[in-house]
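Undergrad: Start from chain A and add chain B according to the hints.
First to last, the sequence lines map onto chains A and B.
Add 142 to the 1-based position in the first sequence for our numbering, that's all there is to it.
Add 228 to the 1-based position in the second sequence for our numbering, that's all there is to it.
Some clues are possibly wrong.
[Stated by the list, open to error] Here are the simulated SDA-like cross-link-like pairs (lysine to any residue), alpha carbons at most 20 Å apart as the crow flies:
| no. | chain 1 | residue 1 | chain 2 | residue 2 |
| --- | --- | --- | --- | --- |
| 1 | A | K249 | B | D428 |
| 2 | B | K356 | B | A270 |
| 3 | B | K356 | A | N297 |
| 4 | B | K356 | A | F241 |
| 5 | B | K319 | A | F241 |
| 6 | A | K249 | B | G401 |
| 7 | B | K319 | A | P242 |
| 8 | A | K249 | B | V382 |
| 9 | B | K377 | B | I361 |
| 10 | A | K220 | A | P160 |
| 11 | A | K249 | B | F313 |
| 12 | B | K319 | B | V382 |
| 13 | A | K249 | B | S381 |
| 14 | A | K249 | B | K433 |
| 15 | B | K356 | A | P242 |
| 16 | B | K356 | A | G203 |
| 17 | B | K356 | A | S240 |
| 18 | B | K319 | A | S240 |
| 19 | B | K433 | B | V371 |
| 20 | A | K182 | A | G299 |
No lab work stands behind these hints: they were computed from the structure.
Here's the letter readout for the chains.
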Amino acid sequence: MSAIINVGMAEIKVVLAPQRLVTTGLGSCIGLCLYDPVTKVGGMAHIVLPTVTNISATEPGGKYAVTAIPLLLENMLKFGASKYRLIAKMAGGAEMFSFPGQMPILKIGERNAQAVKEILGGVSIPLIASETGGNFGRTIQFNTETGELSIRTINHGERTI
Amino acid sequence: MVPFHGPQAGRFDVNNNIKLSTEQLDALQELTNIGASHAATALSQLLNTRVILNVPTVRMVPFQEVSVLVGDPSSLIVAVYLKVFGDSPGKALFLFDHAHAQAIASLLVPTSSSGELYQDEMALSALKETGNILLGSFLDALVKMTKLKLNFSVPAIAVDMAGAILDAVMLDGDYLEDWVFVETKFTGNQVRGTLAFLPDNGTLKNLLGALGL
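One chain only, chain A, in its complex shape (with noise of 0.2 Å):
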């Protein structure tokens, strides 16, 4: 049996096959995996925030996305993976109520799948598979021999990307 690993708010963590990540109930908030398909080192970061002004040194790294990706790659790196192999996948970023009239700007979800996406641009790691927004909650697992993000939802289906 390979073990799964519970991935918490805020949190990253890199992983070797056969063991598997796992995330359950994201909203807003976005599950970022990376993997190294030679290797099958695996990792997965819990996104909260695209970004913040001040980040003070006691807030865990992966709470934003523009310190927890350089701080997952870094990690994948220690376990052995190549930079030049890595591959991205997200899913999360949901906007789980809808107000009349709230203004896009208040879209926390979209605005962190943005920003992931931005910051995966400038590292060069192609995201090759994302499946973001709706209103509706998420359960992920990501199975680090194959490279295969599960996706599980209460009345949305399931899917694997």
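TA: Quick look at chain B alone, frame taken from chain A:
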């Protein structure tokens, strides 16, 4: 009922700069108790059933633990959410577990199907209004006791995983600090749920100030 297994009442995170005295905790608890009893009366009248209130708890919750507040973050819940503006801005939530939400919906909308709640517009509308009445009477009582000026948004409803709902509520407004979490449970023959009030970061002092603390 939505069970809460969060940190103990009055526990503080080491990084948190809000320190509440026993007196302040008691006052918040009392304030919540009175507010919640107004809400319970409203609910009792609406559903024509007996509603029992548990003693409210006031606690600090580190943001990482929010998704486990309702026990299992993957559990299916129904949440009604109001944003509170004015002198003491914050977030007000009423959480039903799915089975009790269905029971309440079928009391209010007898024609409602017992099937998929999230697709049942009538049932959702009735639950949204139930949450609105509950939270509205809670907040009205808060206004009367504190003389603070509070306005609140129209209600929004979600039927989904507890973790996803709480993470979205927490991130709404874009700041992310540890929460002061005031919650009280409702129990009764057909009614179970949890009312929570979450003052925005740093605004708890307004609430306490209004109580002379």
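Undergrad: Look at each hint and say if it fits the structure.
TA: Right, here's what the structure says about each hint:
1. At most 20 Å may separate the alpha-carbon atoms for a hinted pair to count; A/K249 and B/D428 meet this at roughly 18 Å.
2. This hinted pair checks out: B/K356 and B/A270 have alpha carbons roughly 14 Å apart, not beyond 20 Å.
3. A hinted pair counts as satisfied when its Cα atoms are at most 20 Å apart, and B/K356 with A/N297 qualifies at roughly 19 Å.
4. Restraint check for B/K356 and A/F241: the C-alpha separation of about 13 Å stays at or below 20 Å, so the hint holds.
5. Simply put, B/K319 and A/F241 have alpha-carbon atoms about 14 Å apart, close enough for the 20 Å limit, and the pair holds.
6. At most 20 Å may separate the alpha-carbon atoms for a hinted pair to count; A/K249 and B/G401 meet this at roughly 9 Å.
7. A threshold of 20 Å between alpha carbons decides the hint, and for B/K319 with A/P242 the separation of about 17 Å falls inside it, so the pair holds.
8. Taking the CA atoms of A/K249 and B/V382, the gap is near 17 Å; set against the 20 Å cutoff, the hint holds.
9. Restraint check: the Cα-Cα separation between B/K377 and B/I361 comes to about 18 Å, which is no more than 20 Å; the hinted pair holds.
10. The hinted pair formed by A/K220 and A/P160 meets the criterion: a straight-line CA distance of about 18 Å does not exceed 20 Å.
11. Between A/K249 and B/F313, the direct Cα distance comes to roughly 18 Å. Compliance with the 20 Å bound is thereby established for this hinted pair.
12. Taken as a hint, the B/K319 and B/V382 pair is honoured in the structure, with Cα atoms around 12 Å apart against an allowance of 20 Å.
13. Taken as a hint, the A/K249 and B/S381 pair is honoured in the structure, with Cα atoms around 17 Å apart against an allowance of 20 Å.
14. Proximity of A/K249 to B/K433 is assessed by CA-CA distance (about 28 Å); at most 20 Å being required, the pair is judged violated.
15. This hinted pair checks out: B/K356 and A/P242 have alpha carbons roughly 14 Å apart, not beyond 20 Å.
16. Distance check on the hinted pair: B/K356 and A/G203 sit about 37 Å apart at the alpha-carbon level, beyond 20 Å; violated.
17. For the proposed pair B/K356 and A/S240, the alpha carbon gap of about 13 Å is at most 20 Å, so the pair holds.
18. Of the supplied pair hints, the one linking B/K319 and A/S240 holds, its CA atoms being roughly 15 Å apart against a limit of 20 Å.
19. For a cut-off of 20 Å, the pair hint linking B/K433 to B/V371 stands: about 15 Å separates their Cα positions.
20. Taking the CA atoms of A/K182 and A/G299, the gap is near 28 Å; set against the 20 Å cutoff, the hint is violated.
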